[in-house]
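Visitor: The listed protein sequences derive, respectively, from chains Y and L.
Residue numbers 2 to 457, in the numbering used here, belong to the letters of the first sequence in order.
Residue numbers 2 to 457, in the numbering used here, belong to the letters of the second sequence in order.
Just so you know, the hints here were simulated from the structure itself, not pulled from any lab data.
Take the hints with a grain of salt, since some may be wrong.
Same chains, same names: a pair is fine if it fits in one copy or spans any two.
Stated by the list, open to error - Straight-line Cα separation of at most 25 Å, DSS-like style, residue types lysine-lysine; simulated pairs: (1) Lys-392 <-> Lys-335; (2) Lys-347 <-> Lys-236; (3) Lys-236 <-> Lys-350; (4) Lys-38 <-> Lys-343; (5) Lys-236 <-> Lys-323; (6) Lys-272 <-> Lys-323; (7) Lys-261 <-> Lys-343; (8) Lys-317 <-> Lys-172; (9) Lys-317 <-> Lys-236; (10) Lys-347 <-> Lys-38.
Protein chains: 2
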Amino acid sequence: MSQATDTYVRQNEARFLEELKEFLRIPSISTAPEHAKDTHRAAEFVVEKLKAAGLENVELIETERHPLVYADWLHAPGKPTVLCYGHFDVQPPDPLELWETPPFEPSERNGNLYARGSADDKGQMYSHIKAVETLRAANGTLPVNLKFLIEGEEEVGGVSVAEYVAKNAAKLKADVALVSDTEMYAPGLPTLNVGLRGLVYMEIEARGPARDLHSGLYGGAAPNAVFGLVELLSKMKDAGGRIQIPGIYDDVEPPSADEKASWERLPFDEKEYLKDEVGSTELTGEAGYSVFERTWARPTLEVHGIGGGFTGVGAKTVIPAKAVAKVSIRLVPKQDPDKVVKSVEKFVKENGPRGVQFEVRVLSAGPGLMVNTDHHAIQVAAKAFSDIYGKPTVFTRSGGSIPIVGDFATHVGIPTILMGFGLPDDGLHSPNEKYNIRNYYDGIRTIAHFFEEYGK
Amino acid sequence: MSQATDTYVRQNEARFLEELKEFLRIPSISTAPEHAKDTHRAAEFVVEKLKAAGLENVELIETERHPLVYADWLHAPGKPTVLCYGHFDVQPPDPLELWETPPFEPSERNGNLYARGSADDKGQMYSHIKAVETLRAANGTLPVNLKFLIEGEEEVGGVSVAEYVAKNAAKLKADVALVSDTEMYAPGLPTLNVGLRGLVYMEIEARGPARDLHSGLYGGAAPNAVFGLVELLSKMKDAGGRIQIPGIYDDVEPPSADEKASWERLPFDEKEYLKDEVGSTELTGEAGYSVFERTWARPTLEVHGIGGGFTGVGAKTVIPAKAVAKVSIRLVPKQDPDKVVKSVEKFVKENGPRGVQFEVRVLSAGPGLMVNTDHHAIQVAAKAFSDIYGKPTVFTRSGGSIPIVGDFATHVGIPTILMGFGLPDDGLHSPNEKYNIRNYYDGIRTIAHFFEEYGK
C-alpha cells in the first residue's frame, strides 16, 4: 500500500479505536423493541461518520422497522464502483452474567476489544468507513467509486434491506460488492469466502386424530400425529446422512480438483474439531466426503426442532392429534430452491404414513452461491489481503447462508467479495464477543489497499 | 332382587338424586392446589354418608396429598367379603366456556345429570353407599361383609392409595374387590370389564452435540439430537404398527376362541368408530386383527409427546443438542413389565444412531390383567347385572390401565369386578360430563342385588 496511506492509519489508530468504542456503546439490539431508539441512534452515528469521511448523498432511510443508511462517492470516472455493505445492529447480549465486562462498555484485554457487536459487525463495517477517511486524507481523493448500504436488521432477518435492494437496483449499480462480516480461517491467514450454501426452510405439520385420544382406549387403532411425523422424517435421510428425497442430488456439482486440493492444505485437526467445536462422541454425515466437503459442498437436511403432544413433567397417555417439525435443506450452488421445495412436497405426499395428513409450509427458499475466483475484483482482493498479512490468501466456503449476497447477485447482478477480519474464536452471538484490535487496524489497511489496487 | 329392596330404592330415588347433587357441588379437583380444601370436604362428605348408611370403623386417613376414606361392616360370619373402591376427586372442568350449565351446579336434562364427576366417579361410587343403605333399611342387615376404600387422588396418579394398599394388605383382606368406574359397552347392555392392559411409561432422552450448533456451519458433520431421536423411534414400530423390539411378543397370548367370538357379537360399526370417535381418515394398526384385538389384546407402542430444538414462530437454524420423547408400551396379560423395560433398553442401546447418546427413564411399569370369568364372584356379578337390565351380561376388555386393580391383585391377592354404569358418551374428562339418571338408580339396584346374591 502507499506510504501515505499506511502512515495515516498508524498515526490514527488510537482515535480509530476510540471511535469504534463510542459506536459499540450504543446498544443497538434490533430484536428488542425497547432498543429501537438505540438502533436508530446507531444509524445516525453511521450517517455522521460517513459524512465526516467525505461520502456524499448520505441518506437515513426509514423503513417499517429499523433504518437503512445509504451514501456514495462517484468522482472517479472510468474507475470501477464498489458497493460496501455492513450492519450496525447487534444480537442481544444474554446471558449477561457470563460477560466478564459489560457488553456495551468496550474493554481492552490481551489485544482484543470486548463488546457486543465488536466483530459482528460494527468493528468490521466501521473499518470500511475508516479506510475511506484514510484514503481521502492521505491522497486527497479516492481511487474507486463507492456506494455504501448499511442496515439495522441483519440480526432479525434483513427484510427491509432485501426489499430496498430489489427496488433500487439501478441506484446500487456497481462492479462488485464488498462485505466484511465473515472470519479468517485461522489467525493471520487472509481468507476470502467464495462459496455459500443456500437454504430452504420449512415447517412440516402432521395431523392424526381429530383431537388427542386416550392411548389405552385407542392405542393400536388410531393414527398418532407424532409418530407419523417421526416415520416421515426418518425416511428423509439414511443412517449415513444421505438425503433420500429423489432428485435432490441432481444438480449438485462437486468442487473442482483445485478447490478440493486447496481445502486439503488448510490447517484442520478433526479430533480438535470434534472435541472443541462439535462436542460429541463422533462426527456424522456422508461417508467418503471430508468435513469441508460435507459442510461446504454437499446439501444437508436438518430438523431444527420438533414439538407435539404432551411434554410436561410426568406421564400423560395421549395419542397426539398434531405435531410440527422445523426442517431445512442447505443447498449448494446450481441447486434450484423451487425444484427442491417441489421434491420435498412430492416426497411428503408419497411417504406419509396412512391416517396422518401433512402440510409443508415454506418459510424461506434461497439458492447457494459461488464467487468465481478468476473474477478480477476477487483476484485483486486476494492479492491486497495477502500483501497486508504477508501470506497467500486462501479461498474457503461457508456452509451457512448470507442472503444479501444472493440479493446483490439477483437484483444488481454483481458478485460479492466476502473479506472478513473476524477470527474463529470471536464468540459471535455469545457472551464476551471480541474483535482483535490488530485485525481492526489491518482490516482498515487491507480495505484501503484493495481500493487502491482495484482503482489501478 | 328382593321386593323390599326394590321398593326402598323406588321410594327413595328422588332423595338419592338430591344427595348426589350435593356431593357434585363440591369442586374436589385433585390436581388444583386451590381446591385442596374442597377435596378434603368431599372426603368428609363420604365419611358422613358411610356412617349414615351403617358402615363402621369409618376413618378419614390423611396422606401427603389428599385423604383416603376407609370403612367396614363385618357382621356376616361365613359370608364373603367385598372390598368396594371408588374415588371422590374429579378432573378440572376446563374449558369452562364449553359447558352448557356450570360444572359444579348439577343440572337435569334429557334424563341425564350434568356435572363434573357425575359419572367419573362420584355418581358410580355413591351408588355403592346407597346400595348399603338400601339393604340395611329393607332387611335390617347386610348379606355380605363389606370394606370400603375411597380415594381422592385417582385423577392425579393415586400414589397415596397405592402405598396404603401395599402397607395394609391384612386390613383390606377380602374375597373380591368391586369397582364401579367403567362404562357399559352400549346403553342398556350390562357389561363386565374382565381385561386391562398394563403400561410401561418411559421418557427417552437424546443428546447430540454439547450445545445447539449453527446448522449452516456444522450441518453435514455434527450429530442432531432431534433427528437421532426420530431415527430411533421410527425403528421401534413398522408401518403396520408392529413393534420391532425383539422379544416383545414372546408372552402375548391370543384371546380364546370363545372370547373372540363374544367380541364379534358386540355391536360395532367401524365407520362410525372412525368418524365419531377417532376422527381421522383411516384406522391404523396390525393387519389381520380386529379393532377389539388391536386395542384390547395386543401390545401397542405410542409416542405421547416429543420436544426438542427450536419450536417458536419463524426460523432458527440450529442443530439441537437435546430432545426428549414420552413413549409407552401397553401390555397384555402375561407380559412382564420388567422384561419389557429390559428389551426396550437393549433395543435403544443397539439401535441408536452414531454420535447420539440415549437415556431411558422409566416413569411407571405395571402389568396387564385378566379376570377369570369362571370365578364365582364374577359369575354372580354377571347374573345380578343381567337380572336388573334384562339382557345377558357381556364380557369386554379395556385397552386402558386401572392400577388399583393390579394393586389389589398383587398385595391383597384378590380379583376385581369392574362393574360400571357409565355410558360411552358420558364425556369423562370433557365439558358437559353427564351420568344417566336411570343408570344411577339401576346401578344402586344392581349393586344391592349383587350383594344379596353373593351372600347366598
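Visitor: Decide, hint by hint, whether the structure agrees.
Guide: Hint by hint, here is what the structure shows:
Proximity of Lys-392 and Lys-335 under a CA criterion of 25 Å is satisfied in neither setting, with 32 Å inside one chain copy and 74 Å between copies. In this homomeric assembly, Lys-347 and Lys-236 come within 25 Å of each other (Cα to Cα) both inside a single copy, at 13 Å, and across copies, at 23 Å. Proximity of Lys-236 to Lys-350 under the C-alpha cut-off of 25 Å is found in both arrangements, the shortest distances being 13 Å within a copy and 21 Å between copies. Proximity of Lys-38 to Lys-343 under the C-alpha cut-off of 25 Å is found in neither arrangement, the shortest distances being 42 Å within a copy and 59 Å between copies.
In this assembly of identical chains, the alpha carbons of Lys-236 and Lys-323 lie at most 25 Å apart whether taken from the same copy (19 Å) or from different copies (21 Å). Taking identical chains as interchangeable, the C-alpha atoms of Lys-272 and Lys-323 lie at most 25 Å apart only when they sit on different chains, with a minimum of 22 Å there against 41 Å within one chain. Neither within a single protomer nor between protomers do Lys-261 and Lys-343 lie at most 25 Å apart by alpha-carbon distance, with minima of 31 Å and 48 Å respectively. Taking the shortest Cα distances, Lys-317 and Lys-172 never come within 25 Å of each other, neither inside one copy (60 Å) nor across copies (32 Å).
For a Cα distance limit of 25 Å, the shortest separation of Lys-317 from Lys-236 across copies, 23 Å, qualifies, whereas the shortest one inside one copy, 28 Å, does not. For a Cα distance limit of 25 Å, the shortest separation of Lys-347 from Lys-38 qualifies neither inside one copy, at 46 Å, nor across copies, at 57 Å.
In summary, the numbered hints that this structure violates are 1, 4, 7, 8 and 10.
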